[in-house]
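Participant: Here's the letter readout for the chains.
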Amino acid sequence: MTKNAAPAPPAIQRPPAEVLYADELARIREADRDPRPPGWKLSLQAVRRFVTGDEKLRVRRKFVGNPSLVDRAMVALATNRGLMLVGEPGTAKSLLSELLSAAISGCSTLTIQGGASTTEDQIKYSWNYALLIAEGPSRKALVPAPLHMGLSRGQVVRFEEITRCPLEIQDSLLAVLSDRVLAVPELEGEDGMLFARDGFNVIATANTRDRGVNEMSSALKRRFNFETIFPIPDFATELALVRDEASRLLERSGVPVPPEEKVLEILVTTFRELRSGETSDGNAMERMGAVLSTAEAVSVAHSVGVRGWYLRQGRGTPADLVECMAGTAAKDSPDDLKKLRRYFEQRVAKRTGEHWRAFYEARHLLPG
Amino acid sequence: MALHVLGVRHHSPSCARLVEAAIRAIRPRHVLVEGPCDLNDRLEELLLPHVLPVAVFTYYRNAGENHASWTPFCRHSPEWVALQTAREIGAQARFMDLPAWSEAFHGHANRYADRTDRTPRTMSALCRRLGVDDSDSLWDHLFEQPQPLEELAEALRIYFEELRGDDPPDAMDEPREEFMADALAWAVADAERTGEDVVAVCGGYHAPALSRRAAERREHSPVRFPTPPEPEPGAKAGSYLVPYSFRRLDSFVGYESGLPSPFFYDVTWELGPEAAAEKMLEATARRLRERKQPVSPADLIAASTLAQGLARMRGHRCLLRQDLLDGLAGALVKDGLDAPLPWSYRGTLRAGTDPVLVEVVAAFSGDHAGRLAVGTPRPPLLHDVQAVLEQKGLTPPADARDRRIAKLDLTLEDHRLRSRILHRLRVLEIPGFVRQSGPTWATDVELSESWELSRPDTAESALIEASSWGASLESAAAARLGSAIGNAAGKLAALASLLGEAVFVGIESLSDSLLPKIAEGARQETSFGELGGATARLLALWRHGSLLGAEGAAAISSALGAAFERGLWLVEGIQGATAPTDEKHLAAIVALKDLLRFGSEPLALSRPSAAAVMLRRAADAEAPPAIRGAAIGFLWNLGLVDAADGEERARRVLFSTSRPSTFGDCLAGLFALAREECAAATGIVAAIDAALTGMGQEEFLVALPSVRHAFSYFPPMEKDSLGRTVASFHGAGPEEAQGLLRLSAGASETARALRLEDEVSRIVERFGLGGRK
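Protein chains in written order, with this note's numbering: chain A, 1 to 368; chain B, 1001 to 1773.
Some clues are possibly wrong.
Said to hold, decoys possible - Computed cross-link-like contacts, SDA-like style, restricted to lysine to any residue with a CA-CA straight-line distance of at most 25 Å:
hint	chain 1	residue 1	chain 2	residue 2
1	B	Lys1392	B	Asp1338
2	A	Lys221	B	Ser1296
3	B	Lys1584	B	Thr1682
4	A	Lys221	B	Asp1134
5	B	Lys1334	A	Ser276
6	B	Lys1491	A	Ser280
7	B	Lys1334	A	Pro67
8	B	Lys1279	B	Pro1146
9	A	Lys56	B	Trp1139
10	B	Lys1334	B	Arg1317
11	B	Lys1334	B	Ile1405
12	B	Lys1491	B	Val1358
13	A	Lys56	B	Asp1134
14	A	Lys62	A	Arg33
15	A	Lys221	B	Asp1338
16	B	Lys1334	A	Arg33
It should be emphasised that the hints constitute simulated quantities derived from the structure, not laboratory data.
Here chain A stands alone, though its shape is the one from the complex (with noise of 0.2 Å):
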């Protein structure tokens, strides 16, 4: 691949990572000296350099989390077992999955989005019946699904929130992760058994606050190496995070100034703490039920940041937080605007600082 990739044209919203990220995919590439698992487009000490980044190939580092997770989730994939990320919404999880597919197969967008609805059909393949009816089943009338792709290209394949969807549905991936093989019933000869090319493997997501929702089954847990991907741990990484992110979204909507130091620190600080059940200080509190990740926090900044610009044509203020904070924080649960309101009545009243103070007089924008 070359250097002259046709960049995304404009009129796509979010362009894939294997576009986004074509220039650094490239440069890596042609570093890449170490040996590549078949299938892979790159070695895994390349894509270990795509996600967590690399100084010297100016590859930025995307993914914050511990380098040695990126390791285990790499090598389950070179192994041949699923890979299964794990945890709370908002932390990353297809972000990660994303990237590996981007890197390990040049393609990210194999992807399930797993849901109440989702069926077989949106998962293995279909039929186009007009053919179907005209010819009788044959390779041509077979409309195949990311799964059927993936395998027959040699490819990763995205399997996003898998718990939403009802048991049987996940379970029909069993046969395809331990056997690699898809079976095709209804053609006949060669065509009737899909065998996995190389370089075939699925990474799944899942949200730890849908367990019990659609608990999956051992023996689909088996066949996955489950790693849980904890928020960013300490404060001054997720404020850079939040800063770095809701100032590129901010100008993306048209807003010149970028979103103010003090503010963000109050926003930040508050959803660790929410987050987290304990300040900052070493006091505990409840959890919020909401979730309140990292992305979140991004999405709020980015609100706020929107507000003060088309409200007043100034900078957010910590009472625009309040008002957006509502909006995701407490969300419609009478239980967390309780569990708000008690934090900025017993914590947040504490707090000394010009910024605090104008956040807690604010209190009262909270609904309810």
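Assemble the complex: chain A is given as a structure, and chain B must be docked to it using the hints.
Facilitator: For chain B alone, kept in the frame of chain A given last:
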């Protein structure tokens, strides 16, 4: 004729190998080892055939100051290997560091702990560059792989040079490096006379500085081995050998420890890094199966494959510790985790760690315990215990089958001292000292104790084991409880009961270290009832301040402050508009009330914020009725609202909870906090009366149990006068009231009668024989 300074990481097997080879190759005249030089006269004792791990224990005591320090050795300690090899080749071996009782070590419990605080930035930059998680995996990655010793030596030298850079030594290191440099200069000068070499083995961080310093003083080197400063006059200090264990060596267990997973490195030392992995997999599988955690052969194959894959991708020549642990985690964990992998952070295991991982970590840590060789001088603890018991007349009978009972009257000073000694033996778990009865909390009214004393055969070995905690009974008990305090971190109830132990054993320094932890525990406590219990106990101790000593009294104030804050936070979170009365919650509110009453000024507790919380609670329709009643009682009793306002608020809350299912609960809360105020306020009594008479027969029966319970807060006399007041509302005089209050039948019988009456009138009504009353 040269000085070879070998910088090592304590407990590192590859460093141990390097040290052994270097000493054999150089055949130096002197081998100097970082370690307590006060043991130099007794090295023979150290080199007896002990079962490792053992440690040199050092104590220091001086007017209220107490320090204990350990210098642990295991088979793969480079320092230990240096001493052994030196003896084999006939070199003179010496420890060259200050004794652990010198000031530099005060506050440091482990001489060979990793001081990761020294170079955090260099370290994390290096980890980033090499793509490893932390300093432990960095070390393994760089140095614990099989590699030629010359390369290893060179790599270590460069690594430590970079780590140390130009950093000046800190307050702990300066006197030590000064002393060690002197010792080295002496050794070099002495070896020069015969044209021989000197080998020094020390922590890598010191190595570059020691080489430089020793070279600087070549010109005027000391004529004899430096003498360490004596302990100040009046201070007591000494060192002796004690058994140690892998668990105490492991950083997952204690603070201030060194290389993690001692058993893994022990195996690495014994079998070499290539063969260690298999043995560890086997040991881990065995342990997991013993603990009933399922491990299939397929899991083990998967773990091994994963570990090998990881090692290969990380460029390791054999399986290193993290490769193995990661492989095991990948294969054995079959679900999302609630806490991060234990090896991704330092310190004790976090709550919620997967039980499989807990066992994996324990298997890597190993549960070997050391044993002292026969003929090792007995630790001073044995003599101290014997002397103390004799002095206080508490010696158990000589025959193992005999028993002796000691009765103590705790009001007598001398008996209190005896009680403390027995309690200290009890916390050290020395068999033969059993308490049969006595107070359960230091401020209990029971003031006598009874102990059964005997001398079982196991007592002496228990004492030798316990001597690893300290040289005297007092210091050993203090260290033992101190470690229990460390383990109970964040658990308020456990910490509070340890405070009770601290008072029983009469060691002030313990309560000083305990109270900040209690404050921390209070900030973390999630159960309001538990918090209330602990608060009440703390408050009792605070008010009997003499039990804790002056410093304890100051520290307990901050713990109480934290408990108060926490109480206000927790009471605001209790929900449930129809929740029944929780006695523990009411007791906790009472504890908060007492705390504010007695402590608002000396402890600087904020009355306004307490009032704000209670006002919110009283007005909250979703709060349990008992809490609402108690909140009003709190405000009223403490005068946070004036009397008229209190009465008015109480009436309103009673009105809004006047449903039969909630009325009694609200009353209970109100009475628990402000019984006297209610009884004195005729308006409230009238309101209660009106609410009860307003209920139908059936409703009344529903309300009855909780209302009865609420009135049980009144002593009989007050109940009597209440009865009179109520009777007067219904036009009855004092004599008639007497009759109403003293029913010949019991309360439950009356309730049964009421129910029967209700049933009868229902039947009467059904048959059209008359209306209900």
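Participant: Does each hint hold? Answer for all of them.
Facilitator: Hints, one by one, checked against the model:
1. At roughly 53 Å between alpha-carbon atoms, Lys1392 of chain B and Asp1338 of chain B are farther apart than 25 Å, so this suggested pair is violated.
2. Taken as a hint, the Lys221 of chain A and Ser1296 of chain B pair is honoured in the structure, with Cα atoms around 14 Å apart against an allowance of 25 Å.
3. Taking the CA atoms of Lys1584 of chain B and Thr1682 of chain B, the gap is about 29 Å. The hint is violated against a cut of 25 Å.
4. Proximity of Lys221 of chain A to Asp1134 of chain B is assessed by CA-CA distance (about 30 Å); at most 25 Å being required, the pair is judged violated.
5. The suggested pairing of Lys1334 of chain B with Ser276 of chain A holds, with an alpha-carbon distance near 24 Å, which does not exceed 25 Å.
6. Of the supplied pair hints, the one linking Lys1491 of chain B and Ser280 of chain A holds, its CA atoms being roughly 19 Å apart against a limit of 25 Å.
7. For the hint linking Lys1334 of chain B to Pro67 of chain A, the alpha-carbon distance of about 21 Å falls within 25 Å, and the restraint holds.
8. Straight-line distance between C-alpha atoms of Lys1279 of chain B and Pro1146 of chain B comes to about 17 Å, which keeps the hinted pair within the 25 Å bound.
9. In summary, the hint linking Lys56 of chain A to Trp1139 of chain B is supported, as the alpha carbons are separated by about 24 Å, within the 25 Å threshold.
10. Taking the CA atoms of Lys1334 of chain B and Arg1317 of chain B, the gap is about 29 Å. The hint is violated against a cut of 25 Å.
11. Taken as a hint, the Lys1334 of chain B and Ile1405 of chain B pair is broken in the structure, with Cα atoms around 56 Å apart against an allowance of 25 Å.
12. The suggested pairing of Lys1491 of chain B with Val1358 of chain B holds, with an alpha-carbon distance near 19 Å, which does not exceed 25 Å.
13. Between Lys56 of chain A and Asp1134 of chain B the alpha-carbon distance is near 22 Å, which keeps this suggested pair within the 25 Å criterion.
14. For the suggested pair Lys62 of chain A and Arg33 of chain A, the alpha carbons sit about 22 Å apart, so the restraint of at most 25 Å is met.
15. Taken as a hint, the Lys221 of chain A and Asp1338 of chain B pair is honoured in the structure, with Cα atoms around 17 Å apart against an allowance of 25 Å.
16. A threshold of 25 Å between alpha carbons decides the hint, and for Lys1334 of chain B with Arg33 of chain A the separation of about 34 Å lies outside it, so the pair is violated.
Hint check: violations occur at hints 1, 3, 4, 10, 11 and 16; the rest are consistent with the structure.
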